[in-house]
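2 protein chains.
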Amino acid sequence: MKVIDVSWPISRATTGYKDRAVVKFDEIKNFLRDGVRETNINLSAHTGTHIDAPSHFLRDGKTIDQIDLSRFIGRCKVLDLTDVGEQITRNCLANYEGEINEGDIVLLKTNNSTKIATDKFSPHFVYLEFTGAEYLKEKKIKAVGIDYLGMERSQSGHPTHTTLMHADIGIIEGLRLRSVKKGSYFFVCLPLYTIGIEAAPARAVLISDNM
Amino acid sequence: MKVIDVSWPISRATTGYKDRAVVKFDEIKNFLRDGVRETNINLSAHTGTHIDAPSHFLRDGKTIDQIDLSRFIGRCKVLDLTDVGEQITRNCLANYEGEINEGDIVLLKTNNSTKIATDKFSPHFVYLEFTGAEYLKEKKIKAVGIDYLGMERSQSGHPTHTTLMHADIGIIEGLRLRSVKKGSYFFVCLPLYTIGIEAAPARAVLISDNM
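First to last, the sequence lines map onto chains A and B.
Each residue of the first sequence is one higher than the one before, counting from 1 in the numbering used here.
Each residue of the second sequence is one higher than the one before, counting from 1001 in the numbering used here.
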């Protein structure tokens, strides 16, 4: 069994969306004084690798605890879109017509994956444009993931998110896919089991070989 | 594929270890005012389901990011120890002699799993006594999990933790196993990818059937 970690490291220096400061680690006990270490963590629900639940953008949308976890576990296709400039459109994805099947989890590997995890926020990241989201909805995939802290960028009305959310397609942001080759994998992305909120930080891995 | 969530729900009401208040959700944006919801999360690294890294109790122990994730992914045995009063000793585990194999992840299902996730902290939880930890070390398991917020209780010098940590056996606390039958499963427990600290909140699932 081989495990590939595709998660964004979380530290005080982690890139924040639009450079908002998002992570604090507060030392509660330290080894020299207390003989034990204990830390409190303060972070945005949208820090690093995370899942956006529908309630992020939809008035009556589900919260993280209301989403079926199996949406983020299963057969996955990593698409190589590193030649895309800024927008992943319907046409970009149509190149993979035969490879995307109903029930797949689709991971979009782009040039975003070359960024360092503690870089300044990059407003010109590659994003899933609205027509690309519509295409994935038509393909009836389970979830889609991208390798930056956002998937939408600044489209008016958040049409990428709302299209995916209305179609009950899971949204994973903040993956790290630099070392991952395109192809098929078994994917597991587990968000913290937070109750009643619109997103949760998550850890994501690709697993190959037999269980 | 069937996914069984064995994680402790995280909310403002979540039971804290020794009743310390551990979880805050701060609303940064709300739907009525901002057209979007955004939350900051403040929690102890030891909230709910979590992994203790060796640096929790060992001076030069590894932090969460230094642990091999595959330790928390793989074949797992759920042992039914619901008839144990307070201490899981070597003798309790010896009843499962033939069932625990090298490389297993062992989950200890006890009466702790009947507690409600928001109850007051229960100081008399069932715990893994030192001789039980030594037994698991001899069996060369990969990781051990228990269904309460601690595994050690109040043994002087933390011998359960330090025995497991020196043997490089992963430690998972805060599982919820009430609905899980004893037996073999495929287990995935993914802690947040925090850098440089002694523990991390995690989500854990059992997966059955084929990948």
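It is worth saying that the hints were derived from the structure and are not from the lab.
Take these hints with a grain of salt, some might be off.
If you want the ones that stay clear, here's a sample from chain B, every Cβ over 12 angstroms from chain A, calculated [unchecked claim]:
(1) 1011
(2) 1037
(3) 1055
(4) 1071
(5) 1084
(6) 1086
(7) 1090
(8) 1120
(9) 1125
(10) 1158
Below, computed lysine-lysine pairings styled on DSSO-like, alpha-carbon distance capped at 27 angstroms [as the list claims (entries may be wrong)]:
(11) B:1018 to A:29
(12) B:1002 to A:18
(13) B:1024 to B:1077
(14) A:182 to A:62
(15) B:1002 to B:1029
(16) A:120 to B:1182
(17) A:29 to B:1029
(18) B:1115 to A:2
(19) A:77 to A:2
(20) A:62 to A:120
(21) A:137 to A:62
(22) B:1024 to A:24
(23) B:1120 to B:1018
(24) B:1120 to A:2
(25) A:77 to A:182
(26) B:1182 to A:139
(27) B:1024 to A:29
(28) B:1120 to A:29
(29) B:1137 to A:24
(30) B:1062 to A:24
(31) B:1002 to A:140
(32) B:1024 to A:62
(33) B:1029 to A:62
(34) B:1029 to B:1077
(35) A:62 to B:1002
(36) B:1002 to B:1120
(37) B:1139 to A:2
(38) B:1140 to B:1115
(39) A:137 to B:1139
(40) A:77 to B:1002
All residues carry an ideal CB built from backbone N, CA and C; glycine is no exception.
Hints, one by one, checked against the model:
1. 1011: About 4 angstroms separates residue 1011 of chain B from the closest Cβ of chain A, which leaves it inside 12 angstroms; violated.
2. 1037: violated (4 angstroms)
3. 1055: violated (6 angstroms)
4. 1071: violated (10 angstroms)
5. 1084: holds (26 angstroms)
6. 1086: holds (23 angstroms)
7. 1090: holds (26 angstroms)
8. 1120: Residue 1120 of chain B is indeed farther than 12 angstroms from all Cβ atoms of chain A, at 18 angstroms.
9. 1125: holds (19 angstroms)
10. 1158: Violated, since 8 angstroms does not exceed 12 angstroms.
11. B:1018 to A:29: Given pair residue 1018 of chain B, residue 29 of chain A holds - Cα atoms ~15 angstroms apart, limit 27 angstroms.
12. B:1002 to A:18: violated (38 angstroms)
13. B:1024 to B:1077: violated (34 angstroms)
14. A:182 to A:62: Violated, because 31 angstroms separates the two Cα atoms, which is more than 27 angstroms.
15. B:1002 to B:1029: The given pair, whose Cα atoms are some 35 angstroms apart, is violated under the 27 angstroms limit.
16. A:120 to B:1182: The given pair, whose Cα atoms are some 49 angstroms apart, is violated under the 27 angstroms limit.
17. A:29 to B:1029: Violated - the C-alpha atoms of residue 1029 of chain B and residue 29 of chain A are around 32 angstroms apart, more than 27 angstroms.
18. B:1115 to A:2: The hint is violated at about 36 angstroms.
19. A:77 to A:2: holds (17 angstroms)
20. A:62 to A:120: Distance of about 32 angstroms is beyond 27 angstroms: violated.
21. A:137 to A:62: holds (18 angstroms)
22. B:1024 to A:24: Given that 27 angstroms is the threshold and the Cα spacing comes to 14 angstroms, the pair holds.
23. B:1120 to B:1018: holds (8 angstroms)
24. B:1120 to A:2: violated (41 angstroms)
25. A:77 to A:182: Distance of about 7 angstroms is within 27 angstroms: holds.
26. B:1182 to A:139: violated (39 angstroms)
27. B:1024 to A:29: holds (19 angstroms)
28. B:1120 to A:29: Holds, at about 23 angstroms.
29. B:1137 to A:24: With Cα atoms ~35 angstroms apart, residue 1137 of chain B and residue 24 of chain A exceed 27 angstroms; violated.
30. B:1062 to A:24: Satisfied, since the Cα-Cα distance of roughly 20 angstroms is no more than 27 angstroms.
31. B:1002 to A:140: holds (20 angstroms)
32. B:1024 to A:62: Holds. Residue 1024 of chain B to residue 62 of chain A sits at ~20 angstroms (cutoff 27 angstroms).
33. B:1029 to A:62: Between residue 1029 of chain B and residue 62 of chain A the Cα gap is close to 17 angstroms, so the pair holds against 27 angstroms.
34. B:1029 to B:1077: At roughly 43 angstroms apart (the allowed maximum being 27 angstroms), residue 1077 of chain B and residue 1029 of chain B break the hint.
35. A:62 to B:1002: Holds, at about 21 angstroms.
36. B:1002 to B:1120: violated (32 angstroms)
37. B:1139 to A:2: Holds: residue 1139 of chain B and residue 2 of chain A sit about 23 angstroms apart, inside 27 angstroms.
38. B:1140 to B:1115: violated (30 angstroms)
39. A:137 to B:1139: violated (49 angstroms)
40. A:77 to B:1002: holds (20 angstroms)
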